[in-house]
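This is what each chain is made of:
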Amino acid sequence: MKEYILLMISAALVNNVILARFLGLCSFMGVTTRIDTAVGMGLATTFVITVSSMADWGVETYLLQPFGLGYLRTVTFILVIAAAVQFTEMTVKKVSPPLFQMLGIYLPLITTNCAVLGVALLLVEGKMSFISSTLFAFASSIGYSLVMVMFAGLRERLALADVPRLFAGPPIGFIVASLLALAFMGFSGMSAN
Amino acid sequence: MDETLDASPDYGAPALVEGFAHVVAVEGGTAWLEPEQTTSCGGCASASACGAKGIGTLADRLEARRFSLPNRDGLRVGERVVVGVSEKALVKASLTAYAIPLAGMLFSGAMAQWVAGSDLITMAAMFGGLALGLVGARLNAKRLNARGELSPHYLRRADVVITCHF
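As given, the protein sequences belong to chains A and B, one line each in that order.
For the first sequence, the numbering used here assigns the number 1 to the initial residue and increments by one for each residue that follows.
For the second sequence, the numbering used here assigns the number 1001 to the initial residue and increments by one for each residue that follows.
Just to be clear, a hint being listed does not mean it is correct.
Subject to a maximum C-alpha distance of 25 Å in a straight line, what follows is the list of computed SDA-like cross-link-like pairs (lysine to any residue) [to be verified]:
#1 K1142/B x V1017/B
#2 K1088/B x G1019/B
#3 K1088/B x A1158/B
#4 K2/A x D1119/B
#5 K127/A x G1148/B
#6 K1088/B x A1124/B
#7 K127/A x C26/A
#8 K93/A x F1107/B
#9 K2/A x M128/A
#10 K127/A x K93/A
#11 K1092/B x A1124/B
#12 K2/A x L1134/B
#13 K93/A x S1118/B
#14 K93/A x D1119/B
#15 K2/A x A20/A
#16 K94/A x A1158/B
#17 K94/A x S1118/B
#18 K93/A x A1158/B
#19 K2/A x R165/A
#20 K94/A x D1119/B
#21 K127/A x D1119/B
#22 K2/A x S1151/B
#23 K1092/B x A1025/B
Distance ranges between label pairs, derived from CB positions [claimed, not checked]:
#24 E125/A x K1088/B: 53 to 63 Å
#25 F87/A x R1066/B: 21 to 31 Å
#26 R165/A x A1124/B: 32 to 42 Å
#27 E3/A x A1124/B: 20 to 30 Å
Selected chain A positions facing chain B (in silico; Cβ < 8 Å) [claimed, not checked]:
#28 G40
#29 P66
#30 L69
#31 L72
#32 T74
#33 T76
#34 P98
#35 I131
It should be emphasised that the hints constitute simulated quantities derived from the structure, not laboratory data.
Positions of the beta carbon are idealized from the N, C-alpha and C atoms, including for glycine.
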């Protein structure tokens, strides 16, 4: 039990997908102008990362490794991720059309989000059991969502602050993101590995 | 008269997220609206560039998101309007659509792992949990929709010059 908790904390905070591994930065800068869009995007990405990581683990264990098809890994994973995004879109549409109207805008953005492919490749590298892989993927995506929401809160405040004209908007956003990454470095040393 | 501008906005007040839509059809007292593409990063536009034409195009996606509103203001086809959705609605919708199925999936996976240690059983249990979670999400979405929290509300006609750049 303790090892699972350590694994999750390590994946979410210590080796944070955005601030430590620098994946998924375009959605990080793109949807964090408001907190509610950051929450929507974070939750959608969490769902897609978890589901696609489960599928990727299955594909890796039962298809790629037994037949020695490691060189097809990147292509196969991208295919699985795209299928997972389509599955999510179809599911949300079926579960509730009004929900789809509200949330449908985020889903195509997740297909090209490198954080999804990055997490899948990382968990394959870790060679963990199914439940550990799933928890790792879930915790990574929770860390992603957490940082997105934090940064959205910061950017909402920045929009009202007295920023020099040349720095207003993305430039000060990048500077704040790097300060946030520095702050998250304080977690290093708590890693499970 | 001592008029000082109140520069501190009230963060506690429930805000409306505004978006633009244009009218595509009017049927009696109902207007059908299609949302405009608003994301500044162009991600949705590029998604249409790589897919097969006619299936995953941007126009297709926007068409799938058509919604109807009671036509109180005498709207005509082609007009541009501002619609609003309550801020909390997006968070509630996201939690319903994603958090409930995820919770079901992870909980059943954890239970299966605890009871039987096999990978395949855990995988099967997770799919079952996902299905149950989706049923739960559907029920909650029905409840939210019945309360009108998921639909956009008509606010006003849009000025021609104002565009949406976030």
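### Query
Is K94/A within 25 Å of S1118/B, Cα to Cα?
Since the Cα atoms of K94/A and S1118/B sit roughly 32 Å apart, the hinted pair is violated (cutoff 25 Å).
### Query
Does A1158/B lie within 25 Å of K1088/B when you go C-alpha to C-alpha?
23 Å, holds
### Query
Holds or violated: K2/A with A20/A, Cα cutoff 25 Å?
OK: K2/A and A20/A at ~23 Å, within 25 Å.
### Query
Was the hint right that I131/A lines chain B, CB cutoff 8 Å?
Hint on I131/A: holds, closest Cβ of chain B at ~5 Å, below 8 Å.
### Verdict for E3/A, A1124/B (Cβ pair) under range 20 to 30 Å
Holds, at about 24 Å.
### Task
Check the following: the C-beta atoms of R165/A and A1124/B are separated by a distance inside 32 to 42 Å.
Violated: the Cβ-Cβ distance is about 58 Å, outside 32 to 42 Å.
### Task
Double-check T76/A for me: the hint is only fine if its C-beta lies closer than 8 Å to a C-beta in chain B.
18 Å, violated
### Query
Taking 25 Å as the top limit, are the C-alpha atoms of K93/A and D1119/B close enough?
Violated: K93/A and D1119/B sit about 30 Å apart, past 25 Å.
### Hint validity - L72/A Cβ closer than 8 Å to any chain B Cβ
20 Å, violated
### Query
Given the hinted pair K94/A and A1158/B, is their alpha-carbon gap at most 25 Å?
Between K94/A and A1158/B the Cα gap is close to 32 Å, so the pair fails against 25 Å, i.e. violated.
### Message
Check the hint pairing K1092/B with A1124/B against an upper bound of 25 Å on the C-alpha distance.
### Response
29 Å, violated
### Task
Given the hint that K1088/B pairs with G1019/B, test it: the Cα-Cα distance must not exceed 25 Å.
15 Å, holds
Comparing the model with each earlier hint shows violations of hints 5, 6, 7, 10, 11, 12, 13, 14, 16, 17, 18, 19, 20, 22, 23, 24, 26, 29, 30, 31, 32, 33; every other hint is respected.
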